[in-house]
Amino acid sequence: MTSADLRRQLAQLLVVRGSGFSRDSQRRYPRWELSNAELQQLLELGVGGVILLGGSAEDLRLRCAQLQLWAQQPLLLCADVEEGVGQRFEGASWLVPPLALGRLHGNDPARAVELAECYGRCCGRQARLLGLNWVLGPVCDVNNNPFNPVINVRAWGETPESAGALAAAFVRGCQGEGVLACAKHFPGHGDTSSDSHLELPLIPHSQERLNAVELPPFRAAITADVASVMTAHLQLPALDSTHPATLSPAVLTTLLRQDLGFTGLVVTDALVMDAITKAYGAAEAAVLAFEAGADLILMPADASAALDGLAAAVESGRISQARVKASLERRRAALQRCRPLGAERLEAVVQELSTLVADEERALTHELLELSLERQGGSVRAAADGVNLIRLDSQLNAPQLPAMAPALLRPAAQGYRAVLLDGRSPSPWSGNAEAPLALDRLGSGPVLLQLLVRGNPFRGSAGGDEPWPQVVRQLLGAGRLAALAVYGSPYLWEQLRTLLPPELPAAYSPGQMPQAQAVVLEALGLRAAALEGGFTD
660 MTSADLRRQL AQLLVVRGSG FSRDSQRRYP RWELSNAELQ QLLELGVGGV ILLGGSAEDL
720 RLRCAQLQLW AQQPLLLCAD VEEGVGQRFE GASWLVPPLA LGRLHGNDPA RAVELAECYG
780 RCCGRQARLL GLNWVLGPVC DVNNNPFNPV INVRAWGETP ESAGALAAAF VRGCQGEGVL
840 ACAKHFPGHG DTSSDSHLEL PLIPHSQERL NAVELPPFRA AITADVASVM TAHLQLPALD
900 STHPATLSPA VLTTLLRQDL GFTGLVVTDA LVMDAITKAY GAAEAAVLAF EAGADLILMP
960 ADASAALDGL AAAVESGRIS QARVKASLER RRAALQRCRP LGAERLEAVV QELSTLVADE
1020 ERALTHELLE LSLERQGGSV RAAADGVNLI RLDSQLNAPQ LPAMAPALLR PAAQGYRAVL
1080 LDGRSPSPWS GNAEAPLALD RLGSGPVLLQ LLVRGNPFRG SAGGDEPWPQ VVRQLLGAGR
1140 LAALAVYGSP YLWEQLRTLL PPELPAAYSP GQMPQAQAVV LEALGLRAAA LEGGFTD
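Numbered continuously in our numbering, the sequence shown closes out at residue 1196.
Please keep in mind that the hints were generated in silico from the structure rather than gathered at the bench.
Keep in mind it's a predicted model, so treat the numbers as computed, not measured.
We treat Cβ as the ideally placed atom computed from N, Cα and C, and that holds for glycine.
Among the clues, some could well be false.
Cβ-Cβ distance ranges computed for the label pairs, FRET-style [claimed, not checked]:
1. Lys984 <-> Ala696: 23 to 33 Å
2. Met1063 <-> Arg982: 52 to 62 Å
3. Ser963 <-> Ser684: 15 to 25 Å
Please take these sequences and the hints and turn them into a complete structure.
Written out as structure tokens, the structure is:
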């Protein structure tokens, strides 16, 4: 085999990051999303996969066709659409986070499993219609740590039983639509209070504990014939005191392949994450991951360097040709499981997109929101000088809060002026631990407090570092808390709800998207406003 042939084979095992938009100027994350020139060059060299983010459903459909045209070979086209395709691509269904079903599972397991399979079908069907053939979900981590900053509501359960049953149901639904699913993050990222996007978390548990808590959901997904498993960037001394799980033969080969009997594709989590790049170069990380047992290298910090490193390792004999052949065969077998998209004629594409969200998927979105809604008290009273205080991560990147979002328009119709609070806003804090909110900066009227708080990658916390209990006590003491709405974290809601008088209007949804806001605010007596929009269905 020539050096060029070897590099083309190895290139098939790389998955690089691209924007769902077609133009370079539209990229939202140019630090990670390659330019069109870079993407086209890599695909022509044989790179075998692209992970996509951003754009509308129509943008994604066009983008996938463009990438496939550049590649001239079957590609793995994937996205992190754990909460429905609309979570990343506007116009498709954006569903409540999986943990909502995990909590339902404790009371009605049969219904929760049925809904989880519907959830998987919705993700798989819409992904396939838009050109994706690989959904990077379900999250199989057991979120038994309320302070988990990165998994949180993305998990399907807080117990191994719920997480396993629901993740397996999602796999059945998604793969039944001809789209690959991916169980992540192996061997379990649920019990950590640090974010592997920022640092390498330490999991100090014994092998016995891993077998009892972390591994059962992955066993359930494997039993459901999940096509792929994604690794976690975690340090587990009980399994490997030297390497993180992504780079550990003890984790990927001994535990996953041999002990759990997984025969499908193993893909790394993004190697561009700080948990890896702080200690390893792009070439070294790719070679170590492949040696450990990974088949696919996701988002190397430098794709060309990763390819160079893999080629040098094979040519030196460090990695065998047989090992490369085995990974290529697993990739080929996975692609054969994918259902082809179908006709490419313009009329067919237009028809497909016009029926992207089926009636039953629209009904599923609403049912999940209603089932997971919690509320108390009466209705919000109109106020001429009210303050609508909204906490969110970033005003500059908030698909859950478009200009026509219910969280903005409905309170405004009742006299509540919006004040948005994020990391770039002037500090709202007074420095007084007992009365942390600087009320003099808000005005004198009643306050509708809306908190969009959940674990998210790169935040480094699940919102527990902000003094919301003290804020609620302060507003109650001043007689100024008109109502409370919490979107996202059930842990924050449970903490704050105990502080509220039963008659005070308050409601919670695990979802943060405009549809969740509409359901929550409806429960608080705030009806639909004129021009309200931003919905994904």
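Legend entry - Hint numbers contradicted by this structure: Hint check: nothing fails, all pass.
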